[in-house]
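Visitor: Here is what each chain is made of, one letter per residue.
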Amino acid sequence: MGRALLALNAGLLIGSSTLRASDSVTSRLKNIKIKRRAGEIYLEQYPEENDFDDLVYKIFKEDMQSMERSSEKKITDRLCEAIRLDFENGNVINLMRWRLSRTEGRYFAMQTLIATNLSH
Amino acid sequence: MIKDAVNLEQDSILHSDVCIIGTGAAGLTLAKELMGSGQSVLLMESGGLVPEASVDKLKLGQLEGDGFTFRPGYLSTSRMRFFGGTTNIWEGVCLPMEKIDFEAREWMPNSGWPISLSDLEEYYARASDYIGIHRHGDPYPENRQPNSIKVLPADDDWDQFIFHMTNKPRLGTRFKEEIEASRDIITYIQATAILFLENENGGHVEAVEFATLSGNRFRVKARRFVLAAGGIENSRILLNSNVETGSKLANRNDLLGRFFFDQLHMPLGKFVAPNPLDDHWLFFRTFSKALGYIKMGAIALKEDVQRKLRLSNQAFVFHPLSENQFKGDDKLIVDSFSALHETESVRRSSVNIAEPLMYAAKFKSEQGANPENRLTLTNEMDELGVRRLRLHWKISEEDKRMMGRFAELFADAVGRNFIGRVKFSFDELDVLPRYAGGHFHQLGGTRMSSNPTRGVVDENCRVHGTDNLYILGGSVFPSGGRTNPTMTIMALSIRLGELLKKEVVS
Numbered sequence: 007m008g009r010a011l012l013a014l015n016a017g018l019l020i021g022s023s024t025l026r027a028s029d030s031v032t033s034r035l036k037n038i039k040i041k042r043r044a045g046e047i048y049l050e051q052y053p054e055e056n057d058f059d060d061l062v063y064k065i066f067k068e069d070m071q072s073m074e075r076s077s078e079k080k081i082t083d084r085l086c087e088a089i090r091l092d093f094e095n096g097n098v099i100n101l102m103r104w105r106l107s108r109t110e111g112r113y114f115a116m117q118t119l120i121a122t123n124l125s126h
Numbered sequence: 031m032i033k034d035a036v037n038l039e040q041d042s043i044l045h046s047d048v049c050i051i052g053t054g055a056a057g058l059t060l061a062k063e064l065m066g067s068g069q070s071v072l073l074m075e076s077g078g079l080v081p082e083a084s085v086d087k088l089k090l091g092q093l094e095g096d097g098f099t100f101r102p103g104y105l106s107t108s109r110m111r112f113f114g115g116t117t118n119i120w121e122g123v124c125l126p127m128e129k130i131d132f133e134a135r136e137w138m139p140n141s142g143w144p145i146s147l148s149d150l151e152e153y154y155a156r157a158s159d160y161i162g163i164h165r166h167g168d169p170y171p172e173n174r175q176p177n178s179i180k181v182l183p184a185d186d187d188w189d190q191f192i193f194h195m196t197n198k199p200r201l202g203t204r205f206k207e208e209i210e211a212s213r214d215i216i217t218y219i220q221a222t223a224i225l226f227l228e229n230e231n232g233g234h235v236e237a238v239e240f241a242t243l244s245g246n247r248f249r250v251k252a253r254r255f256v257l258a259a260g261g262i263e264n265s266r267i268l269l270n271s272n273v274e275t276g277s278k279l280a281n282r283n284d285l286l287g288r289f290f291f292d293q294l295h296m297p298l299g300k301f302v303a304p305n306p307l308d309d310h311w312l313f314f315r316t317f318s319k320a321l322g323y324i325k326m327g328a329i330a331l332k333e334d335v336q337r338k339l340r341l342s343n344q345a346f347v348f349h350p351l352s353e354n355q356f357k358g359d360d361k362l363i364v365d366s367f368s369a370l371h372e373t374e375s376v377r378r379s380s381v382n383i384a385e386p387l388m389y390a391a392k393f394k395s396e397q398g399a400n401p402e403n404r405l406t407l408t409n410e411m412d413e414l415g416v417r418r419l420r421l422h423w424k425i426s427e428e429d430k431r432m433m434g435r436f437a438e439l440f441a442d443a444v445g446r447n448f449i450g451r452v453k454f455s456f457d458e459l460d461v462l463p464r465y466a467g468g469h470f471h472q473l474g475g476t477r478m479s480s481n482p483t484r485g486v487v488d489e490n491c492r493v494h495g496t497d498n499l500y501i502l503g504g505s506v507f508p509s510g511g512r513t514n515p516t517m518t519i520m521a522l523s524i525r526l527g528e529l530l531k532k533e534v535v536s
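Order-wise, the sequence lines are chains H and U. First residue of the first sequence: 7, per our numbering; consecutive thereafter. First residue of the second sequence: 31, per our numbering; consecutive thereafter.
Hints were generated in silico from the structure; no laboratory data involved. Keep in mind that the hints are not guaranteed to be accurate.
To be verified - Only pairs whose alpha carbons sit at most 25 Å apart, straight line, appear in this in silico SDA-like list of lysine to any residue:
#, chain 1, residue 1, chain 2, residue 2
1, U, 392, H, 102
2, U, 392, H, 99
3, U, 338, H, 97
4, U, 392, H, 103
5, U, 87, U, 68
6, H, 67, U, 129
7, U, 332, H, 79
8, U, 338, H, 51
9, U, 278, U, 442
10, U, 332, H, 80
11, U, 129, U, 338
12, U, 424, U, 245
13, U, 338, H, 67
14, H, 79, U, 449
15, H, 64, U, 438
16, H, 67, U, 424
17, H, 67, U, 332
18, U, 338, H, 64
19, H, 79, U, 129
20, U, 332, H, 64
21, H, 64, U, 278
22, H, 64, U, 447
23, U, 332, H, 95
24, U, 338, H, 94
25, U, 392, H, 79
26, U, 424, U, 135
27, H, 79, U, 428
28, U, 332, H, 94
29, U, 392, H, 50
30, U, 392, H, 46
31, U, 87, U, 105
32, U, 532, U, 469
33, H, 80, U, 108
34, H, 64, U, 392
35, U, 338, H, 79
36, H, 80, U, 447
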């Protein structure tokens, strides 16, 4: 369930502008499911990253256990900083012709992986 | 006064101090500048006072592309042949070229003018006055009118600026009454220049032969001739003269018609900004009550960044899109980024969250000058017996690379500043989007250089090796930057007018 919580935080941050903390867990999960497609495309482009724990480490430079104890603010700060650095350092991807930071692509992939697990 | 050449007697010979061929931005501006100078001026227009289908046929030609498709009507829908020339369809964008556009840059092949921006600044200001537009860079009449926009941080690599669009771009309409009333100027309509006739030893134009579609032929003898027939037609008339008379007028070094280029026009794609950009309305065509005409914003790389990254001069303009133009996958990305932006903007105490704003971004790009992009003649004759033209023109791999890099830099700049995200309109620049192509800013062909082996005209627009022939218009541009060329054409025309007046005095 720790992974799901982290993914839900991800959903809050990058999942949808319409999501709010007060939204039900059900609606959050539904939203994450809808957003699987971008992550699927990312994982098709980078199949070697098809590993949830590895994605967490690549994004946050910390393992799952540490991140589960993190506050939402800390996750946000880490995420925004990682994205900024990606764009500064040319660590960018073209996803469906969108120019995105690599971190954004990985976040989509995280959502896809957790949604896939939940649906099973 | 304005006369119809159809009424001239066959084989007439007209005389004047100055004969100006063409009544577009260049010809009309020069004529206006010479008013009251004491010089007699013949102002010659191929068409009439309104467009006519029979005259329009004269401009048809062949296109040879290489790797991309010409925009429809590239030769036929622009290049207007009636009083006022192509200003009859001019959008009205008024901007001077920039300092870097005049520089020789080793990463831009064959770039560099023999004059600098400072040589033209005075004339840009006068051109602004001619068409009643605010002088670029001067303070606005009231403080509420910003000179710049702030999409990206001021310390970033980008120059964000406002430009003007005159609401009266039809110079034929604007100047007709004044030209018609001038004692110094006689305008002939329906008079198409078909041949330049040099003296026996070369180096001096004796006369220019004209024809009308009614079958009339006549000549003009003048002390000075100024060819201002348009970016493409200037080369065509001179090439035709070379073939028909065996002369090498304007072509002693095989440069005539070469180095053709345009400003490349391409959709970058879509740009989404989750929050309304500060002063975002300035991006769009906005009518300024205080100024009395339209303003618009654009974004370009600063000159020192262009030098550092060895890129061509390019700019983005933006147009608003409705939200329903983002669907499916696009909507997902827009929503996702919007949420992320919300967290970041709240932290930065930015403006309130609103619906994402979407913009279509297009860019205009300088094209490198290539001698193989050229105008030549076919063996087919038009209705007046002038050979029709062929334009061979391609976009080089380097042009494409620079456009792609520019697009990436912009996307990364808005990304790292949490301003928005960009969706490109292309996967690879090798396959250019459907709407890519030229901007109908047809430049080069009689390029300017102080060295006769590198240019057709000198820094004063005089044809090398000829004492009384001058060329005006986009054809003299050795490189074009990304700025619409009309203001520069007008500035060069005023400058030549000043020179011709001084020569008379001396």
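Visitor: What are the numbers of the hints that this structure violates, sorted from low to high?
Guide: 5, 6, 7, 8, 9, 10, 12, 13, 16, 17, 18, 19, 20, 21, 25, 27, 29, 30, 32, 33, 34 and 35
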